[in-house]
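K.L.:
As a plain string of letters, each chain reads:
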Amino acid sequence: MNNKTVLIVDDSLTVRQQVSLTLTSAGYQIVEARDGREGVDVLRARAGIAMVLCDVNMPCMSGLEFLETVKGDAAVPPVPVVMLTTDGSPDLIARAKRAGAKGWIVKPFRTDLLLAAVRRIAGEPG
Amino acid sequence: MPGDSNEARLAELLCQCMAELLAELGVQPEPLTRAPSPPDAGETVAAFSGFGNDELRGSFTFLGPSKLFSRLHPLPSTVTPRDLTDWACELVNQSVGRFRNRLLAYGVKLSLSVPQSALADNLRLASSLQPARSPIAFAIDGMVLEGWLELEIEPSFRLAQSPVAEGAEALLEGSVVLF
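Protein sequence lines, in the order shown, are assigned to chains A and B.
Residue numbers for the first sequence follow the numbering used here, beginning at 1 and rising by one.
Residue numbers for the second sequence follow the numbering used here, beginning at 1 and rising by one.
By construction, these hints were calculated from the structure, which means they are not laboratory data.
It is possible that part of the hints are untrue.
[Claimed, not checked] Distance condition first, Cα-Cα at most 20 Å in a straight line; then the derived DMTMM-like pairs of lysine to aspartate or glutamate:
| id | chain 1 | residue 1 | chain 2 | residue 2 |
| --- | --- | --- | --- | --- |
| 1 | B | Lys109 | B | Glu166 |
| 2 | A | Lys97 | A | Glu68 |
| 3 | A | Lys97 | B | Glu169 |
| 4 | B | Lys109 | A | Asp91 |
Given the structure is predicted, the values throughout are model-derived calculations rather than measurements.
Taking the hints into account, I'd like the entire structure generated from these sequences.
P.N.:
As structure tokens, then:
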């Protein structure tokens, strides 16, 4: 089986565990990063990431900085990024959309809606 | 003092945000109308986040027994001390994040810091404000969760009485938007 892999970028271990549990139960594989900088490193080092779920407010590199970095980095293969954050500000959502984000989810997330969004963006797990 | 009503209303808004979040976590928080007794001796978790803009700066701190954060943890079977402090950070992040989202409708934009937390024995907090403020407090399953709000408000700041036309409507918690 060739399961789809989702990268979770969040400084909260608990959120990474919550998302991971939701997605692995549905058949996805998970890779984790603790902030935007680690997330960039993962994308540069590893091919075949089907999508990224990324927090916004993180140390070292924020989610929007991560998004803008990977979209402008030729060493990173194109990958859809959906932001997963407590922030519901229209200005920030518009900035993320302009930077190439594929979606925005406001925490705390509903597992059914998160899973539906991942299926829509990454496809069925395989 | 003009700042007093602003402060009281901001505290009330934050209290609502905290209550909403706790309810979504599946507990029934009981608001406490008077300052709670000092926390029981034992392991305590504190988590705090700063926020601010040009006219308003402050912080919000959660304080409660570690057993309470364990009770609120979404994956209780795996909880370690590291998990508790991490989860406390996320709880304060989600409370202040919700507060920021609600304030947008009043035309107030806040930036948030990355939350931090600490685990300690017999930790108690005190207000640095004069006059001292009591914390927002909820009883949950016989334990007390305190929320300490500290604010510095510029004299020019006025919180509108109701949402304003130039305010923005934030995307609600739990929402999913795909582009």
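K.L.:
It remains to establish, for every hint, whether it holds in the given structure.
P.N.:
Each hint tested on the structure:
1. Simply put, Lys109 of chain B and Glu166 of chain B have alpha-carbon atoms about 12 Å apart, close enough for the 20 Å limit, and the pair holds.
2. Pair hint Lys97 of chain A plus Glu68 of chain A holds up; C-alpha atoms about 11 Å apart against a cutoff of 20 Å.
3. Between Lys97 of chain A and Glu169 of chain B the alpha-carbon distance is near 17 Å, which keeps this suggested pair within the 20 Å criterion.
4. Only pairs whose Cα atoms come within 20 Å are accepted, and Lys109 of chain B paired with Asp91 of chain A is accepted, the gap being roughly 10 Å.
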